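Engineer: Each chain, letter by letter, is given below.
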Amino acid sequence: MKSVRIIPCLDVDAGRVKKGVRFVDLVDEGDPIELSLRYDAEGADELVFLDITASSDRRATMVDVVARAADQLFIPLTVGGGVRTLDDAKALLRAGADKVAVNTAAIARPQLISEIADQLGSQCVVVAVDAKRQGSVNSQDGGWEVYTHGGRTATGIDVLQWVDRVVQLGAGELLVTSMDRDGTKDGFDLELIGEITSRVPVPVIASGGVGTLEHFAEGALKGGADGLLAASVFHRRELSIESVKEYLSSRGINVRPVG
Amino acid sequence: MIAVVDYGIGNLRSAEKALIKVGGDARLVTDPGEIEIADGVVLPGVGAFGGCARALRDSGMEGAVRSAIDAGVPFFGICVGFQLLYEGSDEDDNINGLGLLSGRVAKLDESMKLPQMQWNELMAVSGRNSEMLDLQSGSDRKGMWAYFVHSYAPVPVPYLDNVVATCDYGGMVVAAVERDNIWATQFHPEKSGAFGLTVLSRFVKKCHRIGGR
Chain L
1 MKSVRIIPCL DVDAGRVKKG VRFVDLVDEG DPIELSLRYD AEGADELVFL
51 DITASSDRRA TMVDVVARAA DQLFIPLTVG GGVRTLDDAK ALLRAGADKV
101 AVNTAAIARP QLISEIADQL GSQCVVVAVD AKRQGSVNSQ DGGWEVYTHG
151 GRTATGIDVL QWVDRVVQLG AGELLVTSMD RDGTKDGFDL ELIGEITSRV
201 PVPVIASGGV GTLEHFAEGA LKGGADGLLA ASVFHRRELS IESVKEYLSS
251 RGINVRPVG
Chain F
260 MIAVVDYGIG NLRSAEKALI KVGGDARLVT DPGEIEIADG VVLPGVGAFG
310 GCARALRDSG MEGAVRSAID AGVPFFGICV GFQLLYEGSD EDDNINGLGL
360 LSGRVAKLDE SMKLPQMQWN ELMAVSGRNS EMLDLQSGSD RKGMWAYFVH
410 SYAPVPVPYL DNVVATCDYG GMVVAAVERD NIWATQFHPE KSGAFGLTVL
460 SRFVKKCHRI GGR
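Protein chains in written order, with the working numbering: chain L, 1 to 259; chain F, 260 to 472.
In case anyone wonders, no lab produced these hints; they're calculated from the structure.
Be aware that a few hints might be false.
Covered stretches of chain F, going by a simulated chain L footprint (3 or more residues, C-beta under 8 Å) [what the hints assert, rightly or not]: (1) 301-310; (2) 369-377; (3) 439-452.
From a predicted model like this one, the values you see are computed outputs, not experimental measurements.
Each residue gets a CB set at the ideal place from its N, CA and C atoms; glycine is no exception.
Using the sequences and the hints, build the whole thing.
Structural biologist: In structure tokens form, the structure reads like this:
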């Protein structure tokens with residue numbers, strides 16, 4: 001039966017884990033290798049590393065971080081941020097990533113998705129979608145718009161049309177982040193997640209805004225998400241992975257138990 | 260030495276690293292001669308059945324893998340490396356598998372999200388012993404969770420032949436088989452955390468105990 005994955009996300013900036021609110025005001029949260037091993041030991045089902053480094057030497061640093069983490073991690077690892085070419089994807093997989101997440105480069109050149117899927121398999125292509133509500137923040141009327149470049153650039157592309165397209169191109173999974181909720185602890189954007197999970201045949205990871213145990217449960221029960229991603233609440237030990245899984249289990253959601 | 264067969268189908272380092280982590284002298288090998296001297300053979304596989312079957316054939320290592328299995332050398336097939344043991348796959352009708360186990364590989368229930376890309380709990384097949392899973396006949400151990408990434412799975416003939424564990428994904432799915440020196444899993448032990456490492460450590464011990472030819 002379906003089980004829901006709990007996925008800590010590490011935003012990595014120049015080799016350190018950082019976390020902000022709505023993609024800005026970054027705070028240092030520690031060493032990516034140490035945090036990864038802690039989350040593995042605490043029962044994480046999978047990890048996501050997103051490279052948010054702005055500098056030009058980013059690729060070498062990130063590949064090194066991935067290689068060092070993968071040497072000691074025996075759970076699935078997805079790596080994204082700055083993946084622009086098939087060769088970038090190959091380098092990350094060679095370093096030990098199981099999946100690569102593409103975002104900005106796929107907007108500029110959607111064929112990148114099919115190139116990676118054809119060469120390396122759909123199962124390793126995650127398309128990350130940064131979505132921002134249009135019109136009033138609390139109204140669904142305007143839909144959602146895709147943003148790129150770590151949330152700095154509006155694309156004019158409708159999120160729901162984009163997810164349909166990327167699945168056709170071979171995306172094996174979607175990582176959907178609500179920019180309105182990211183880092184706010186106001187809960188997932190459940191309308192956004194629900195709209196997407198009900199229309200695509202591939203797994204969907206919900207991201208952005210989780211702050212309480214109930215938010216996790218809502219993501220699975222109301223959003224229908226296959227994976228629930230969180231950063232701040234785990235980095236700052238506000239919630240443990242074990243407590244999240246126990247709570248989800250008590251709500252009838254199937255999860256891999258800790259230990 | 261445990262040979263992890265590297266036949267050009269992507270990243271196999273994680274299988275190698277996991278075996279080393281549990282004390283195995285594992286090495287990626289691209290030369291059939293290295294398979295001949297190995298104390299154990301691991302056949303990973305990612306992506307499509309047809310691509311893997313052709314790559315194994317073209318690499319010139321299919322014969323060496325087959326003769327190692329025939330000679331009783333401990334063998335472990337992972338994911339598509341498990342599926343390759345069967346006669347063929349509905350994913351690609353134009354190429355045969357190794358045919359060491361009877362049955363074919365078929366698509367999972369299409370009402371489910373495919374691929375199954377998640378952790379799932381293994382269910383022991385009642386009445387079977389398993390060295391790989393440390394199950395005695397009649398035992399019904401809970402808590403064996405493993406990580407799967409696949410859209411197809413073997414359908415043995417007769418049904419459940421050699422199967423020691425299944426999982427539920429839109430119906431019963433074959434998760435692990437064991438027959439003499441052949442161990443094979445649809446799940447990825449190298450990505451299944453502590454449980455997966457335990458499975459691999461049993462394989463490493465078996466390789467040390469039995470060894471090669």
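Engineer: Now look at each hint and say whether the structure bears it out.
Structural biologist: For each hint, the structure was consulted:
1. 301-310: n = 3 at 8 Å, threshold three: holds.
2. 369-377: Since 6 is at least three, the answer is holds.
3. 439-452: holds (count 4)
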